[in-house]
Amino acid sequence: MTATDIYPDQKNDQARQDRSDGDRSVKERWTDHCRRRFADKGTYRYRLPWLRSLSQDQLVTTRRVGMAVWAVVVCAIGVLAGWSEVGSFLIPLLFVGFAIYSLGHSRLAYILVDWGPFILFLLAYRGIKTVVGWMGIPVQWNLAPDVDRWLFGGTLPNVWLQEHWRYAHAPWWEFILMAVYSSYFFMPYTVAFIEWLRSRAEFRRYIVGLLAVSFIGLGIYVFVPAAPPWAAARCTPADVADQPSHTPCMFSAEHAGEGSILGPVNNKNDSPEPWVERLTAHAWSQIAPFGLAEGVKDFQDGARREARADGPTLGPVEPVPVGEGPLAKAQASSNLVSAIPSLHAGITMYFATFLFSRRRWKWGSVALIYALTMGFALVFFAEHYVFDIILGWTLAAAVPLVQTWWMSRRRESINK
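Be aware that the sequence shown starts at 1, since it is given in my numbering, and climbs by one per residue.
Simulated from the structure, these hints should not be mistaken for laboratory data.
Be a bit skeptical, because a hint or two may be false.
Restraint ranges, calculated between C-beta atoms of paired labels, are given here [as the list claims (entries may be wrong)]:
| hint | residue 1 | residue 2 | range |
| --- | --- | --- | --- |
| 1 | LEU120 | ALA201 | 33 to 41 Å |
| 2 | ILE369 | GLY127 | 27 to 35 Å |
| 3 | PHE251 | ALA99 | 38 to 46 Å |
Using N, Cα and C, we set each Cβ at its ideal position, and we do this for glycine too.
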């Protein structure tokens, strides 16, 4: 497809321009042409007939209103159904958003070329992640806690944090941690969209790194499945001697606390349970008085039914407070033995390492604070051990370094 195919009304002008710039490469002329057309939006006809009658100001207003409605719908799905539902409807949501954003522009070709491979890889990733739990590879229950005890002189950070910072009533800062944790389900795609708007070249570089972190992490926990802290806190070494991928003790408090793999929690505050709890959705119980309880109850019940039907990677889900529904669905539909490495930590840290590798220091610093906050939340919520997070961060640091090395090698080979 050429520039004149996209803008047929500019065919003669473009032909003259190409002849006058005959000493320039086709790629350079094509890039300059696209920049001119997108910068001067009023000089070409819109493809859709009903848009041709709109003025430039009306078209901008239409796009803004459409994007605002789209954002409200996405947020409503995330708040009421859980952010995992946003992931489930990711592809249609992305295409609807792109279609609204592209009103009045001939950008469909760019959308297909740039986002098509990413969406295909994303589908493959989600499919593989669904299958890996059925492979029957022995699960590591003691590897990560043993490493954490070695790193911290016999103390488990999950236990220490919940001893000193856990309360029966979620404090204000726990809502911030919950929001940071939940943002993982949409932030990678938001950053991708921003990079696409800034530069298609930067977008491709970002996407390649994001997919590399995701697939390498997936490959590790395919062959080294590991249980998270909240599960180990409910099981004794005897319960998991056969290294099962799921066992009834994960969903029962019978063996929790004293005698479990993590041991008891000596509460310093008013928290009632003497063991490490999964606190990811704890703060949602405080939102119930504001009227969200009934709105999420059906979704929570659906999550429990889904968990019981999904087979050996999930098992039954114990009852949780009604207010926890939105995150309960995300937790119930996830692979429960994919703790090593932490992709929550790895992908969020990749935002920072990517930005730093592109010398965007200001936003890289913001992304670094975000990634460190995510790491703290994962340990406090008992979703991951520190060992899992260190592995995720290492992966996030290694991928941009390899990208930079590869690009430099490629430039050297081209210049020879």
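Structure-based check of each hint:
no. : hint                          : result
1   : LEU120 <-> ALA201: 33 to 41 Å : 20 Å, violated
2   : ILE369 <-> GLY127: 27 to 35 Å : 34 Å, holds
3   : PHE251 <-> ALA99: 38 to 46 Å  : 43 Å, holds
Hint 1 alone, counting from the list given before, is not met by this structure.
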